[in-house]
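A.B. asks: From first to last, the protein sequence lines stand for chains A and B. Just so you know, we're using the numbering used here here: the first sequence kicks off at 1 and counts up by one. Just so you know, we're using the numbering used here here: the second sequence kicks off at 1001 and counts up by one.
I should point out that these hints are in silico values taken from the structure, not numbers from a laboratory. Every value quoted in this text rests on a predicted model; they were computed, and no experiment measured them. Be careful, since some hints might not be right.
[Unchecked claim] With a Cα cut of at most 35 angstroms, we get these calculated DSBU-like pairs of lysine-lysine: (1) A:K233 - B:K1080; (2) A:K343 - A:K210; (3) A:K221 - B:K1197; (4) B:K1080 - A:K194.
[Stated by the list, open to error] Just a few of them, taken from the derived set where beta-carbon distance is under 8 angstroms, the chain B residues facing chain A: (5) G1045; (6) R1143; (7) S1169.
Every residue, glycine too, gets a C-beta built ideally from N, C-alpha and C.
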Amino acid sequence: MPIPIRKFLRAAGLALLLGTTMTAAAHAESVLRVAMTAGDIPDWTGQPDQGFEGLRFVGWSLHDSLINWDLSRSDREAVLKPGLATRWYIDEADKTKWIFELRQGVKFHDGCPWNADAAIWNIERLTNDKAPQFHPLHFARQRARSNTIVKAEKIDDYKIAIQTKAPEAMFYYSMAYWMMISKCAVEAANYDYKVYAKAPAGTGPYKFDKVVPRERLDLVKNADYWDKDRIPKHDRLVLIPMPEATTRAAALLSGQVDFIEAPSPDTIPRLRDAGMTIVTLQYPHNWTYQLNFVKGPFKDARVRHAANYAINRAEMVDMLGGVAMEGYGVFIPSQAFYGNPKKYTYDPKKAEALLREAGCYPCSITIGISTSGSGQMQPLPMNELAKAQLEAAGFKVKLEVMDWNTLLESFFRGWEKLPNVDALNVSLQVGDPVSGFVKHFTTANRGPVGLNWGWYENKEVDRLAEEAQATFDEAARTKILQRMHEIVVEDGGRVFIVHDLNPRALSPRVKGFVQAQSWFQDLTPITIAGPTN
Amino acid sequence: MTSSCWHAEFKKLMWAYAGRRIIYAVPIAIGVTVICFGLVFLAPGDPMVNLLPPDASPADAAYLRKLYGFDQPVPVQYAKWLLRAVTGDLGTSLQTGRPVISEVGRALSNTIVISLGAVLLAFSLAFVLGTLAGYYAGRPADRALTAVSVVGVSVPNYWLGMVLIIVFSVELGVLPATGMGSAGSDTFSLFNWEQAKYAILPVITLSMVPLGIIMRNTRAAIAEVLANDFVQTLRAKGLPETMVIRHAVRNAFPQVLAVMGLQFGYLVGGSILIETIFTWPGTGFLLSKAILTRDIPVLQGAILVLAMCFVATNLAVDLLQTAIDPRIRRA
């Protein structure tokens, strides 16, 4: 029996409508919108600015390093893993030479091949100011991790050697921050990085799509990414700078973004009530007081110990609404280098007794602090509380408040820049043992040459540091670093207070995020449920 | 005098006045360049600190200082900067590597969107309310309206911004909380609701202070004009009250216009707090980041451009006042 024409047309219309709807649904783009704490979009042309947040969101999204970080797990510290190099080892015949075997079959987003020539070209980009691809800002941002490189050589198409000034067993950490960009794209831009910024090309899991300077950076999924486990599970990643914490919370609550960095502790209950997921996890960060070992009361170990006993860390964590953990060392306990250091449990009576024994009661000290700053958490209320706790044990504390840039400059120049300051509150990363630890406690790194602001000095620590740099066996070296850490804590090398727990708030639409014990995070596993506003 | 002669005379006077004002603006501009160049060097903090990682050596800092010309004496740096600035080259941002002129230009155009909106909103409301308050001076209506202006001036606008975000974005969900359009300012248009709605809360927040100030000035000006003898004469001649108000408004307008111009000039300078709260990428947002990172070329360029805008706005207001008020020309 023939189908009546009206019925046929109705069915055809319905099918067309359904088909269109389903096609639209199938092609609906899933978008992850992230509100960063940065005041601007991190530089997307190679070596990001905006500190570790720049590396976190732009660095390993657009690019890869020779060595990447394994950010796939929450239950252990983030460790290094092969990136654009599959293996790295010291040349047994010449211990100043590190060999890197490069990954084969990788292409940059513009189709340019990844090989030894591209690797050498990228190393020269940050080390050779005569090379046309040299970029002064990129050079500056990576300088602390490139200043021991003598040269890089091609061994074959997929093998290079990097020579350092002296044997450096921990050199390879430096190559875990070195972003590789496309030689072809920079050459096509005639070495003009302003032109290159319009079509940058890395090898990372996201490709550049578009940018509105100071407002948003749009990246799209790289479906051909070489690491199949890290092909993004969403189509688009939008990075939005949003420095004000309350604005970030409002943007999340109103559905303008899906993922925010560092909500302030007072907004967390409101975000939870609205159904947002709050994630926190320990990571290698410390909030401590660096001490002046040359001038002032902290020259005396008893005063340093007293300050450590005077701090009520549980009260500090409570004031922060639980987004911190008590700190008893430079490293966090889950790090391999932590060891078994002495623990300064809260004991104000003991602190007072130590001050009296040291003949410094009341003990006047001046602490340099900032009003805000990268990783500084809530510096004003935290320092006020620490001041009250120290004063309860017999210290007389003066807080010298300065802005972040001035504090950092004072920190980099060493204690002599601010000779009347006895302690400085600069919170820092301890993700790698060299820049996070060794450079802070060795005499060779006294400020302004290195990061040892207060000129901490312990001959055993110096000896162990040299031994660690000459020990190429990782397990043996870890033991040496553990011993160094134990000595520094025993010495009262700092006033240890808390470690940040790095809170983030996620919309209920965000699924699959695995927070790593790291300053860096992998957004690729995230899926987005439902349409984007 | 015939109409064409009068127009010719008017044009001549206006050009002479404008020329005189522009000549006066030159030493102001030079003074501004000296101050904006010098001030940023007085602030503590080293711009290299934000460029280099913590453990970079002093030799690296010296290398960069030389590369960016900070190793030269300040007067030499000033002379070089001024020579470049007059050709429109304000240097390159230390942080982004982008030309300062494009950074400032984009930020300025973004700020003008909300500051112009705020001034127009404030002016239209304040002029009506201020006129009413001035007309009913001393009566309950005046006291009620004056309270509005006091609130406008007294309420901290960053607090108001937060409250508006909570009410209209978080609770009601009718307006966006932050940003400048879902796709950024490259496609921002006030004629597209999807984009324009991003400007509403910043405009309202920003308009509160000028609303209070313009309203207070309008009230005072209208009340003063209405107390003049000529108003008594107008009333004695039986002129309707609407016409009397019209005369009063016309006489008070130049004074209010000057206040509005000043307010616009202040707003173009950008509000660090408002632009940060609404993540509006204007001059306040740009300056705040440049201050925190000691991005000296951006700071110098932005201050110079903003100061010039302020001078130009004042000049434009003066010329406009002269055009509408013959008493000023004669003076």
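A.B. asks: A separate judgement is required for each hint: does it hold in the structure or not?
C.D. replies: Status of each hint after checking the structure:
At most 35 angstroms may separate the alpha-carbon atoms for a hinted pair to count; A:K233 and B:K1080 exceed this at roughly 52 angstroms. About 51 angstroms separates the Cα atoms of A:K343 and A:K210, which puts this hinted pair outside 35 angstroms; it is violated. For the hint pairing A:K221 with B:K1197, the CA-to-CA distance comes to about 30 angstroms; that is within 35 angstroms, so the pair holds. Distance hint between B:K1080 and A:K194 is fulfilled; the C-alpha atoms sit about 23 angstroms from each other, no more than 35 angstroms.
Here the hint on B:G1045 is kept, as its CB sits about 4 angstroms from the closest CB of chain A, short of 8 angstroms. Nearest Cβ of chain A to the Cβ of B:R1143: about 35 angstroms, over the 8 angstroms cut. The hint is violated. Given the 8 angstroms rule on beta carbons, the hint for B:S1169 holds: about 4 angstroms separates it from the nearest Cβ of chain A.
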